[in-house]
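Asker: So the sequence lines, in the order shown, correspond to chains E and A.
Going by this note's numbering, the first sequence opens with residue 1, and the numbers climb by one from there.
Going by this note's numbering, the second sequence opens with residue 1, and the numbers climb by one from there.
Check before you lean on any hint, since a few could be wrong.
Claimed, not checked - Listed below are the simulated SDA-like cross-link pairs for lysine to any residue, each with C-alpha atoms no more than 20 Å apart in a straight line:
| hint | chain 1 | residue 1 | chain 2 | residue 2 |
| --- | --- | --- | --- | --- |
| 1 | A | 70 | E | 319 |
| 2 | A | 22 | E | 17 |
| 3 | A | 116 | E | 283 |
| 4 | A | 22 | E | 3 |
| 5 | A | 116 | E | 204 |
| 6 | A | 85 | E | 3 |
| 7 | A | 85 | E | 281 |
| 8 | A | 85 | E | 200 |
| 9 | A | 85 | E | 203 |
None of these hints come from the bench; they were simulated from the model.
Predicted model only: the values in this text are computed from it and were never measured.
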Amino acid sequence: MTHLFYGLVPVCRKEFLHIVRDRGTLVFALLLPMLQLFLFGFAIDTNIRQIPTVVYDESHTQESRQLLQSFANSDVFQLKFVAASKQDLYEAVRSGRARVGIRIPYDYARNLQSGTTATVLLLVDGSDSNVAGQAVSTSTGVTLQESLARVVPGGRVPIEVRPSVLYNPATRSPNFFVPGLIAILLQVMAILLIALSLVREREHGTLEQLTMTPVAPLGLMVGKMIPYGCLAFLELCAILFVMRVVFLVPIHGNLFVLLLLSLPFLLTVLGLGLVISSKARTQAEAFQLAMGTILPSVFLSGYIFLIENMPAPFQVISRLIPATYYIQILRGIILRGAGLAELWTQAAILIVMGSAAILLAARQFVRGKAI
Amino acid sequence: MYTVIQADQLTIRFGSFTAVDKVSFQIARGEVFGFLGPNGSGKTTIIKALCGLLAPSNGSGIILGMDIRKHAAEIRRHVGYMSQKFGLYEDLTVGENIAFYAGVYGIQGAQAEQRKQEVLALTGIEHYLNRRAGQLSGGWKQRLALACAIIHSPEVVFLDEPTAGIDPVARRALWDLIFRLSGQGVTFFVTTHYMDEAERCGRVGYIYLSKLVALGTVADLQRLPDASPAGTTRLQIDVPDPSSKLEQVRSVAGVREATIFGRSIHALVESDLIPALRSQMRDAAIQPIEPSLEDVFVTLTYNIMGATS
Chain E
1 MTHLFYGLVP
11 VCRKEFLHIV
21 RDRGTLVFAL
31 LLPMLQLFLF
41 GFAIDTNIRQ
51 IPTVVYDESH
61 TQESRQLLQS
71 FANSDVFQLK
81 FVAASKQDLY
91 EAVRSGRARV
101 GIRIPYDYAR
111 NLQSGTTATV
121 LLLVDGSDSN
131 VAGQAVSTST
141 GVTLQESLAR
151 VVPGGRVPIE
161 VRPSVLYNPA
171 TRSPNFFVPG
181 LIAILLQVMA
191 ILLIALSLVR
201 EREHGTLEQL
211 TMTPVAPLGL
221 MVGKMIPYGC
231 LAFLELCAIL
241 FVMRVVFLVP
251 IHGNLFVLLL
261 LSLPFLLTVL
271 GLGLVISSKA
281 RTQAEAFQLA
291 MGTILPSVFL
301 SGYIFLIENM
311 PAPFQVISRL
321 IPATYYIQIL
331 RGIILRGAGL
341 AELWTQAAIL
351 IVMGSAAILL
361 AARQFVRGKA
371 I
Chain A
1 MYTVIQADQL
11 TIRFGSFTAV
21 DKVSFQIARG
31 EVFGFLGPNG
41 SGKTTIIKAL
51 CGLLAPSNGS
61 GIILGMDIRK
71 HAAEIRRHVG
81 YMSQKFGLYE
91 DLTVGENIAF
101 YAGVYGIQGA
111 QAEQRKQEVL
121 ALTGIEHYLN
131 RRAGQLSGGW
141 KQRLALACAI
151 IHSPEVVFLD
161 EPTAGIDPVA
171 RRALWDLIFR
181 LSGQGVTFFV
191 TTHYMDEAER
201 CGRVGYIYLS
211 KLVALGTVAD
221 LQRLPDASPA
231 GTTRLQIDVP
241 DPSSKLEQVR
251 SVAGVREATI
261 FGRSIHALVE
271 SDLIPALRSQ
281 MRDAAIQPIE
291 PSLEDVFVTL
301 TYNIMGATS
């Protein structure tokens with residue numbers, strides 16, 4: 001009778017009862033991620049368009065107006081302000097009204113006609129590196145186009161790029177953003193629910209009572225993971241539904257493979273929640289620790305920034321973050337139509353991480369230490 | 001006499017701190033053993049060690065013939081435990097709490113139902129079967145906690161300050177229950193701060209600064225030489241206004257202890273001082289008395305404090 005998972009069934013049954021009884025927490029747990037999905041799904045657009053731009057045109061010629069028109073046509077710049085002086089131009093950028101300043105010198109048209117290189121000054125506010133990068137590359141492209149048109153009359157250029165963007169042809173932001181968001185939302189929900197549940201037992205003295213019973217640490221851990229895992233899985237289905245129907249993100253791969261490969265991630269984050277609850281003495285502490293997992297999962301998981309661009313030590317850290325692998329799974333299946341063959345390693349890593357977390361938590365709870 | 005709990009030189013250290021220092025005692029089947037001591041003196045630590053939750057640093061403990069070092073898991077199946085926190089799930093009903101603990105102890109099916117009915121009848125809580133545990137009063141919570149603690153018919157039950165914060169009627173009811181069960185052969189190990197509860201117990205142990213400083217029946221302890229040192233007598237001094245006279249009594253040389261007890265003063269004085277005290281307090285009725293359990297513990301505690309400081 002003394003087996004490793006002793007007490008699993010009664011603990012599991014009891015935990016379901018808690019969930020059903022505590023309607024407030026249930027609604028909160030299911031609704032909050034959904035609310036955030038809507039909020040972030042609509043609010044965040046990673047494509048950079050319509051950067052507010054200030055123009056100081058000293059040249060006032062047909063040529064300068066033509067160049068400005070090309071800038072405006074790119075859709076990246078919105079020529080919003082006109083500066084009357086150099087000071088005006090700098091002031092507009094410094095105050096933040098404009099993120100880019102374009103200054104066309106008085107000799108622009110003259111230089112063009114005489115064959116000398118005409119220069120254009122581009123002021124870029126570097127405080128947002130994405131915006132700055134986009135501004136520089138687009139302006140380079142625009143002026144290159146203009147130059148070519150002048151050098152090669154008739155417009156026939158020797159080389160032309162024909163980009164073909166795979167998997168997300170319209171480069172829609174939600175397609176890129178929402179699948180990653182699923183990982184973050186599920187992680188926060190699962191960690192919080194299970195960690196709070198265990199710490200609540202410690203606060204109420206029921207954990208102490210349980211340690212006096214034959215319940216095995218793993219029976220307690222896994223008995224708690226099953227109900228909260230079910231809840232998180234339900235939430236995942238709801239989020240996928242909203243993603244498909246509201247944000248119109250197509251799922252290119254197999255939905256069932258996606259659901260199947262979500263289980264290792266749930267295992268890992270629930271395990272993480274258990275580790276947190278073995279460290280936290282109060283619910284407030286557990287809450288803070290759970291919140292502490294969010295930022296690394298957002299910034300180091302490849303969700304927003306490419307892992308390949310990070311310094312080597314951070315790449316190592318990103319490999320230790322469960323969300324890294326789940327985001328690869330989500331994007332792989334949803335956007336690229338990948339399947340088990342391509343993603344089984346990620347799933348395997350998550351299973352190893354999850355099992356390690358559970359064993360670690362169980363060790364912490366081993367009789368006496370955790371009370 | 002069949003010994004069910006035996007501690008032999010039991011010692012538990014946490015780092016450099018010794019929480020339990022060479023404690024030895026034996027408790028027989030069906031006995032109600034009272035365990036007293038200030039907070040932090042090691043009462044709960046001993047219970048945890050006896051349940052196999054803490055490995056002793058030295059010495060040994062045997063419960064129901066099982067060594068606490070080797071058979072921790074098996075011991076937990078045969079002992080019940082109830083703490084002052086009760087360990088109940090307040091959002092679950094009375095029935096659900098009992099069913100959960102039955103499940104946790106591996107009792108299933110018809111046997112679970114039968115045990116449930118038995119503990120419900122025993123504790124008289126059947127009328128509240130469908131009420132949430134959180135909505136019960138303190139006394140009923142305590143009965144429910146006891147019902148959960150004995151669902152698996154344990155042979156030994158540890159009650160860790162079971163009556164803290166419970167009204168006198170509920171306390172009386174709990175003690176009646178304890179004695180009913182002990183009559184059926186269940187052994188109780190009860191920690192308490194209440195002297196009247198300690199006096200109900202067949203035998204009492206007093207732990208202070210991690211050491212067991214007294215052990216025996218209440219009568220044994222009252223006759224303890226340390227509690228009534230040679231050449232001293234315990235007196236009850238009846239005076240009209242005891243609280244105003246307390247300082248006067250304390251200031252008399254040869255009075256070792258004095259405290260108010262109801263409408264009189266209890267004092268431990270050197271015996272040859274009694275005539276002088278009588279003549280000094282003419283309006284007082286002075287008579288020798290047996291020390292109460294509290295007197296014994298206070299004196300023992302002072303003795304140790306005096307020895308250590």
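Asker: Are the hints correct? Go through all of them and say.
Answerer: Status of each hint after checking the structure:
| no. | hint | in the structure |
| --- | --- | --- |
| 1 | A/70 to E/319 | 42 Å, violated |
| 2 | A/22 to E/17 | 45 Å, violated |
| 3 | A/116 to E/283 | 33 Å, violated |
| 4 | A/22 to E/3 | 34 Å, violated |
| 5 | A/116 to E/204 | 24 Å, violated |
| 6 | A/85 to E/3 | 28 Å, violated |
| 7 | A/85 to E/281 | 16 Å, holds |
| 8 | A/85 to E/200 | 13 Å, holds |
| 9 | A/85 to E/203 | 10 Å, holds |
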